[in-house]
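Peer 1: These protein sequence lines map, in sequence, to chains A and B. Add 77 to a position in the first sequence, counting from 1, and you land on the number used in the working numbering. Add 8 to a position in the second sequence, counting from 1, and you land on the number used in the working numbering.
Don't read these hints as lab results, they were simulated from the structure. Just to be clear, a hint being listed does not mean it is correct.
Dumping the calculated SDA-like pairs for lysine to any residue here, alpha-carbon to alpha-carbon at most 20 Å [said to hold, decoys possible]:
| hint | chain 1 | residue 1 | chain 2 | residue 2 |
| --- | --- | --- | --- | --- |
| 1 | B | Lys70 | B | Gln260 |
| 2 | B | Lys153 | A | Gln353 |
| 3 | A | Lys149 | A | Gly325 |
| 4 | A | Lys282 | B | Glu140 |
| 5 | A | Lys270 | B | Arg120 |
| 6 | A | Lys282 | B | Arg120 |
| 7 | B | Lys175 | A | Gln353 |
| 8 | A | Lys282 | B | Asn317 |
| 9 | A | Lys270 | B | Gln128 |
| 10 | A | Lys270 | B | Ser111 |
Here are some, though not all, of the chain B residues that point toward chain A, as calculated from beta-carbon distances under 10 Å [unchecked claim]:
| hint | residue |
| --- | --- |
| 11 | Arg87 |
| 12 | Gly131 |
| 13 | Ser134 |
| 14 | Lys245 |
| 15 | Arg310 |
| 16 | Arg313 |
Owing to the predicted nature of the structure, the values given are computational and were not obtained by experimental measurement. C-beta: ideal position from N, C-alpha, C; glycine also.
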Amino acid sequence: MHFPKDLFINIKKPIDNAIEYMVRNWGPIFDAISDGLRTMLFYIRSAVEIIPWWLLIALVFFAAYKTSKTSKKLSSAILYSALLFFIGLIGLWDMMNATLTIIIASVIISLLLGFPLGLLVAQSKRANVIVRPVLDTMQTMPSFVYLIPAVMLLGLGNVPAVVATTIYAMPPIVRMTSHGIQQVDAEVVEASKSFGATRFQMLTKVLIPQALPTIMTGVNQTIMMAISMVVTSSMIGATGLGSEVLKGINRLESGRGFAAGTAIVIIAIIIDRLTQSLGMRKEKA
Amino acid sequence: MNDLNEQNDVILHVENLSMLFGSRKTQAREMMAQGASKDEILEKTEVTVAVDDISFSVEQGKIFSLIGLSGSGKSTVVRCLNMLLTPTSGKIFYRGEDISAYSADELREYRRNKVSMVFQSFGLISHRNVLENVAFGLELRGVKKEERIEKAMEMVNMVGLSGWENKEITDLSGGMRQRVGIARALANDPDILLMDEPFSALDPLVRREMQFEMLSIQEKLNKTIIFITHDINEAFKLGNKVAIMRDGRIIQTDTPEDMTNNPKDEYVREFIDSADKSQIYYVKSYMQMPDCLIHVREGVQRALRQMRNHGVSSAYIIGDGMRYVGVLPLEAAFQVRAGEITFQDAIMKDLETTTEDTQISDLMPMAANAKYPIAVLDDEKRLKGIISKAAVLTSLI
């Protein structure tokens with residue numbers, strides 16, 4: 078039994094029309110967004126590239142040494158800096174910088190938008206009802222789908238890549254922030270209120286510090302999500318390691334693909350470990 | 009209400025306070041007016057009547073105990089007194105001002121300066137240490153750092169936590185945590201202290217200690233305290249006045265003496281009767297090790313020296329493996345030294361003893377006649393500890 082043809086409705090056309098309308102009429106808005114992001118990317122890129130390779134390796138060494146557990150301090154510091162050195166050895170250092178630029182920009186935007194949104198969702202039932210399905214959609218909608226309008230509205234290159242990565246990476250920080258805030262012991266909240274805390278005092282002195290370990294987990298997850306978008310976003314022109322993988326696919330060069338893939342994995346491992354121990358340290362304090 | 013005019017020192021006055029939880033309150037009110045029961049109202053309108061038309065007054069510097077079983081509405085009442093919950097109807101007067109008419113700013117000032125609360129599970133902020141928790145209320149008020157640290161230290165010392173001020177909350181035992189909770193409440197120097205079952209989460213011995221501590225602090229600072237509890241002994245011990253709540257209503261408000269002598273109805277009588285029954289304490293919890301423990305081989309000279317060192321008038325004599333032999337009184341020890349009697353004869357071997365699992369109440373007659381602390385033995389006559397007459401008597405307070 079086929080579904081009766083008479084009942085078909087066409088939703089493709091209206092969506093196309095809507096996007097087209099936006100491209101035609103809202104051009105200046107998207108141009109402004111585009112310009113802003115491009116400037117941001119430029120500064121981040123400059124900052125990333127100003128750091129000499131040996132300094133970055135040294136920084137990772139010290140960060141790993143500081144944040145690891147006492148028994149494995151030295152070994153993990155050596156391991157992570159050696160892995161980073163390896164990326165340089167296989168000739169992908171500049172590619173890595175390009176990729177880091179996009180990741181850093183996306184994570185900054187995700188946190189700037191996601192953290193306040195998480196606070197709002199935690200404290201307002203109505204905001205929660207609206208935001209939750211949007212977050213679900215953002216996480217489950219295949220990312221290729223919003224690559225198309227991103228390109229139409231913002232053109233090809235790193236700018237739409239940042240937008241697409243932000244859409245994909247923002248949900249965890251929103252969710253974990255609101256989750257952390259809601260999990261704060263009800264009696265602690267009541268006690269703070271009973272001592273005459275204002276809303277702002279309640280947030281800054283009680284709720285956010287109490288939720289910090291959970292929020293840090295959200296930061297960590299947001300970074301990981303951003304890293305996982307590297308290859309996908311290269312399809313709309315993001316430069317860096319992702320485009321190397323893409324070239325490898327197009328030219329059937331396994332070596333090129335694996336080399337770039339390994340570099341992505343190394344970046345992910347280093348950033349994951351460093352941000353994770355950051356959250357754990359806060360939890361103890 | 010009638011006596012409001014007679015007493016000028018009423019600090020808190022609650023008038024016809026009601027609290028309903030649910031959305032269809034109007035309908036519930038109509039049913040209440042027609043005399044429907046709480047269950048009927050809940051079934052028909054899904055509205056819970058937590059507090060039903062309550063009035064009482066609290067005098068300055070007195071402890072007012074509010075007692076009831078769980079679900080009787082006592083915690084709801086206390087939360088209305090600082091507007092953590094906004095009452096559905098009724099008025100609450102603090103020194104003649106209606107706090108339910110306060111603006112947000114006025115309410116904040118009231119909470120910051122006039123009334124503080126102590127919580128059942130402490131409500132301490134875990135990322136702050138002891139001192140920072142105690143200083144919390146002062147910090148909210150914008151008191152300067154040096155000043156609030158100084159004040160907080162004073163409070164930490166008062167509740168007996170000197171030396172613990174820089175510890176994390178997680179390092180503290182339950183009793184100590186509640187001391188922090190009390191210190192935090194007192195740091196604001198409030199007129200009124202609201203205590204919502206503050207000692208319920210503590211074990212009996214610590215609870216007793218905290219009750220004593222609270223009374224001595226109250227003696228010193230002369231605060232007005234509203235004390236919520238489900239323990240009638242606690243309510244009677246601490247309260248100048250006691251109100252018994254049931255199903256959201258106050259059944260009787262009286263002094264402990266008057267309530268015991270003239271319980272208003274059967275429920276109150278049963279509540280008071282339950283007081284003694286619930287008090288089952290065992291010797292185990294109250295015994296201690298004797299200061300002066302002497303092995304039978306050590307002889308009278310050492311026994312005398314030990315008694316002098318510890319300032320006690322009797323020594324407990326044991327054999328090998330802690331096996332209990334008897335008690336050596338000071339006078340008898342002197343007689344031995346003078347050569348009047350032998351060491352063995354001086355030891356009193358026929359004193360009554362008890363076991364760890366004996367109920368203290370059963371020990372009363374023995375304790376009343378005992379000249380020395382009673383030895384506590386196990387099945388094999390090993391000495392486990394001693395229990396003093398004073399310990400037996402205080403357990404009954």
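Peer 1: Mind listing which of the numbered hints don't hold for this structure, in increasing order?
Peer 2: 2, 3, 7, 8, 14, 15, 16
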